[in-house]
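There are 2 protein chains.
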Amino acid sequence: MIVALAGGVGGARLAVGLADQLSARKLAIVVNTGDDFEHLGLTICPDLDTVTYTLAGIHNAATGYGRANETWSCMQTLSTLGAPTWFNLGDRDLGLHLTRTSALRAGERLSAITRKLTQALGIKHTILPMSDSPVRTMVKTRAGVLAFQDYFVRLRCKPRVEGFRFDGARRARVPAGLQALIESRQVHAVVVCPSNPYVSVAPMLAIAAIRRWLGTRAFPIVAVSPIIGGAAVKGPAAKMMRELGAEVSALGVARHYRELIDGFVIDHADAALAPDIEALGARVHVADTLMRDRTHSKRLAAEVIAFAHALRATRGR
Amino acid sequence: MIVALAGGVGGARLAVGLADQLSARKLAIVVNTGDDFEHLGLTICPDLDTVTYTLAGIHNAATGYGRANETWSCMQTLSTLGAPTWFNLGDRDLGLHLTRTSALRAGERLSAITRKLTQALGIKHTILPMSDSPVRTMVKTRAGVLAFQDYFVRLRCKPRVEGFRFDGARRARVPAGLQALIESRQVHAVVVCPSNPYVSVAPMLAIAAIRRWLGTRAFPIVAVSPIIGGAAVKGPAAKMMRELGAEVSALGVARHYRELIDGFVIDHADAALAPDIEALGARVHVADTLMRDRTHSKRLAAEVIAFAHALRATRGR
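As they're listed, the protein sequences go chains A and B. According to this note's numbering, the first sequence is numbered sequentially starting from 1. According to this note's numbering, the second sequence is numbered sequentially starting from 318.
Heads up, a few of these hints could be off.
What the hints assert, rightly or not - Between beta-carbon pairs, the in silico distance windows are: (1) A62/A with L561/B: 57 to 63 angstroms; (2) L561/B with E108/A: 36 to 42 angstroms; (3) G107/A with E479/B: 58 to 64 angstroms; (4) K556/B with D293/A: 54 to 60 angstroms; (5) G107/A with A378/B: 37 to 43 angstroms; (6) A385/B with R165/A: 23 to 29 angstroms; (7) A589/B with E108/A: 57 to 63 angstroms; (8) A378/B with G82/A: 36 to 42 angstroms.
Unchecked claim - In silico DSBU-like cross-links for lysine-lysine, where the CA-CA straight-line distance does not exceed 35 angstroms: (9) K433/B with K551/B; (10) K551/B with K441/B; (11) K116/A with K475/B; (12) K298/A with K239/A; (13) K433/B with K158/A; (14) K441/B with K615/B.
Derived by calculation from the structure, the hints in this document are not laboratory data. Idealized CB from N, CA, C, for every residue including glycine.
Can you make the complete structure from the sequences, with help from the hints?
Dropping the structure here:
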């Protein structure tokens, strides 16, 4: 059994590759919910949705959020009525938000709702929100502390980042399915997907049960660099690293994950950084990490799985 | 100043005719909110929306609910996800429900929200919900007491009706705009639109402030029959009358409104009933009451206004 920790687009791309390589019994995908938010009375879970839509094959590959073949009639009305339109809500997408929000209001747990929704969309693999209670990533900026979507979408990541806070992480209620995995000793490796280290992966690590689990693990942790050739494939990771004084490179990411990982997968473009990364104590695997389509994802996933198994063998477990 | 009391389709059709005849200062439309309900976390106000969309000229004339040129992407998702789909929610329509629901959650009053929404849709006339607090029409049937939309849409009016209850009517909070009209003495006539007497008009009359106002009025009340030639133009009015033991005819409606009205407008098809209706104490005006389009609406509205003025003159006020 492999557990993947995934954020949005990058996480979803590796997750779908892992799902193509591993049966439903051999993979669980834990997804960041720190960027969830309330908007127009709806509870929206952008990373859960990106992973879900990608695994269901109904995601919008062009924009990186929402669904393919989307219509925008509702947004047109919102605009006419002067309601906020800074967050794009496609009509098809809305059906999921409405269903989830009303289930949450009825007292169902996010993990149970996610199971129902993913099954209804034909997904066989387990997708687990990192928490059944709200965790909210707050971005500390020069302009003050901002809710993540305010920073990310409304302000287009413009404010200079000074740090992060994960409200609710300390008391997060880990889903029963994740707790069972933590206690199972069936997990052979954890894969940290190429997601933003600060706002996709860090919220998961901020959850006590997850941090404790990974800190006392008997399995290797492998991360895939979200930085290729000194740039983020998508999103504000590079900008954040720069603003926080980190080196914007796969090496910078490896330093960030230093205490966490046993193995680090970097792109061929960054092969020269391998010695410096290995000097940090992590083994390095060099691969083609830019996942342009599902075939790329599946190929990278195979390499990541093999790398993890090799590390496990090395650890002698 | 004329005040129209309107329910759904029939109400909206006369209301738009009245709006075409009278300036915004000379007409206020009070709308039933007894059929409002909560669905998928949204507060939906079907009659308010029908009147609003009709006055804005964006209603779906074919179905009698929702908007023209509608798309149904969200409903497709709801269906895929196993969410309830018995109530049709078009994508454009949803934009209004989301906007209203989030404004209600933020503590705004329904009347204030309605003013904003109608203005945003280019409507100059005042549309007032009958209440700013929830009033819920409950249908007493052999199958038990049903929430109105459960009876009306989900069960397609099948259960046999035994009576009605208007939960919240007694303590209803009349909107400030309606209270001002009640106290103004500027109202020269009230027009009861050809809406369902039991579930569109009765909820309005169940509100203490409205009942007291109409009971002590110094102006005539004119109703337009929703029954033409022994049948309802739309909806379950005829079926309800039958089940409640009333005669399914304009005369039956006149008997129902006996204590309320000074004048009754009936269709040419029912002209023979005029003597019996006048024997009840109401003056009768015979007109072409089937409003097939906006031109018909405007013409009927002109006759209703003239009839009301004539009754007012007769009363010597």
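So, going through the hints one by one against the coordinates:
Between A62/A and L561/B the Cβ separation comes to about 58 angstroms, which falls inside the hinted range of 57 to 63 angstroms. The hinted window of 36 to 42 angstroms between L561/B and E108/A holds, with their beta carbons roughly 41 angstroms apart. Range check, G107/A to E479/B: about 34 angstroms between beta-carbon atoms, so the 58 to 64 angstroms window is missed. A hinted range of 54 to 60 angstroms for the beta carbons of K556/B and D293/A is consistent with their spacing of about 58 angstroms.
At roughly 41 angstroms, the beta-carbon separation of G107/A and A378/B lies within the given 37 to 43 angstroms, and the hint holds. The beta-carbon spacing between A385/B and R165/A, approximately 48 angstroms, falls outside the hinted interval of 23 to 29 angstroms. Checked against the hint of 57 to 63 angstroms, the C-beta distance between A589/B and E108/A comes to roughly 60 angstroms, which is consistent with it. Judged by the Cβ atoms, the range 36 to 42 angstroms given for A378/B and G82/A is violated: they are separated by roughly 26 angstroms.
A distance of roughly 29 angstroms separates the Cα atoms of K433/B and K551/B; the hinted pair therefore holds under the 35 angstroms criterion. A threshold of 35 angstroms between alpha carbons decides the hint, and for K551/B with K441/B the separation of about 27 angstroms falls inside it, so the pair holds. Of the pairs offered as hints, the one joining K116/A and K475/B holds, with about 32 angstroms between alpha carbons and a cut-off of 35 angstroms not exceeded. Proposed proximity of K298/A and K239/A is supported: the alpha carbons are some 28 angstroms apart, at most 35 angstroms.
This hinted pair checks out: K433/B and K158/A have alpha carbons roughly 32 angstroms apart, not beyond 35 angstroms. At roughly 16 angstroms between alpha-carbon atoms, K441/B and K615/B fall within 35 angstroms of each other, so this suggested pair holds.
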